[in-house]
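Student: Residue-level listing of the chains:
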Amino acid sequence: MDKKRILYVLLGLVAIVSVMLGVDFWQRQQAAALAPADMPPGSIPIFMDGKFVASFIPDDLAQLADASFVDAEEGKTQEGWLLRDVILLYIKESKLKDDTQITVLSSSREKAKSLAWVEVNAEDNMVMFDLSGRGTLKLVSKIPGFDLRDLWIQDVDKIEVVR
Amino acid sequence: MKKNYFSTFQLILLALFSALVVVAKIALRTPIQLSGHSGIFWMAIVIVGAQVVPKPGAASMIGITSGLLASFLGLGDFGMLDTFLSYALLGIVTDLVLWILGGNAENVVVAVLAATLGHTAKFVVKWIFGLVMDAPIGFVALGLLKAIIGYIVFGALGGFLGWLTLKALRKAGFFAYLAEKR
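Chains as they are written, first to last, in the working numbering: chain A, 13 to 175; chain B, 490 to 671.
For reference, chain A alone in the conformation it holds in the complex (with noise of 0.2 Å):
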């Protein structure tokens, strides 16, 4: 066989990978120069009741437990973190009550899901975020009428608390 022809189709691969590794380093540089300091690429930002409290950084997920449920639509794994520890890492418990409202956004899907702080503070529920094949983090759960794959919130960017 034509040893050209396999580089090429080789050198064909490695372009494809170094144009999407470019553009996302080139993402990362544009929004590392417009974010505070105190947001890094990437991060969530958590909003309480209006005011930016803090931003969930990828270097925090070592302080929190793994979790992870099979879903019962398609029976794959949903493997993350509890939404529950993501909030109580920079809230404290005492601030919140059963009826503290947490939503969790994404503005590029332009979905939202709004649930009370006893529901996500029940473990049996799995309220968590499973990480996308992308890398960016999506709210799953197993609670009755918010445990389908359409109803959950892909590409979350922000966090917002309300007392």
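Hints in this document: simulated from the structure, not taken from any laboratory.
What you were told as hints is all true, and nothing was included just to trick you.
Taking lysine-lysine pairs in the DSSO-like style, the calculated list, with each CA pair at most 27 Å apart, reads:
no., chain 1, residue 1, chain 2, residue 2
1, A, K63, A, K104
2, A, K88, A, K154
3, A, K16, B, K656
4, B, K635, A, K88
5, A, K15, B, K544
6, A, K170, A, K123
7, A, K15, B, K656
8, A, K170, B, K635
The structure presented is a predicted model; accordingly, all values stated were derived computationally and were not measured.
Since the structure of chain A is already known, use the hints to place chain B on it.
Tutor: Below, chain B without anything else, positioned relative to chain A:
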């Protein structure tokens, strides 16, 4: 009378392979929590299909038909257009690489490279959709690289599995049987 490019028998075979791709996506599950792991199954099916119907365009037909089936079944989480385009481009790129490399998927290098590029093309469609929809950049810095590696590795494994299947089919006399049918 003008002869059709694909015979009716070949079109039936291609439709069966297309259905198999969708069934594999829905029914076959692996416990691997890595991006693109299902590529092991469907790239194997696409490679086998492209060799069972050894004409340029066979993989594209499988990609387009399975894309139509998958999008109407609601597979994928970026919507119908993304599902259709990702499956279709997977087939088209596999075809293109097979054509560049001489078209014989019974050669392990050809099968692996065609499946790798085809599967990567599927990820490229998803990535472009993310850009177009202004999706946020990855939460984990190396998330994209990890996903790309996943698609490349599982695509290559799918190509290898397809090559093994073709080898078994050849040994079992399937291609001699097909030659009689044609």
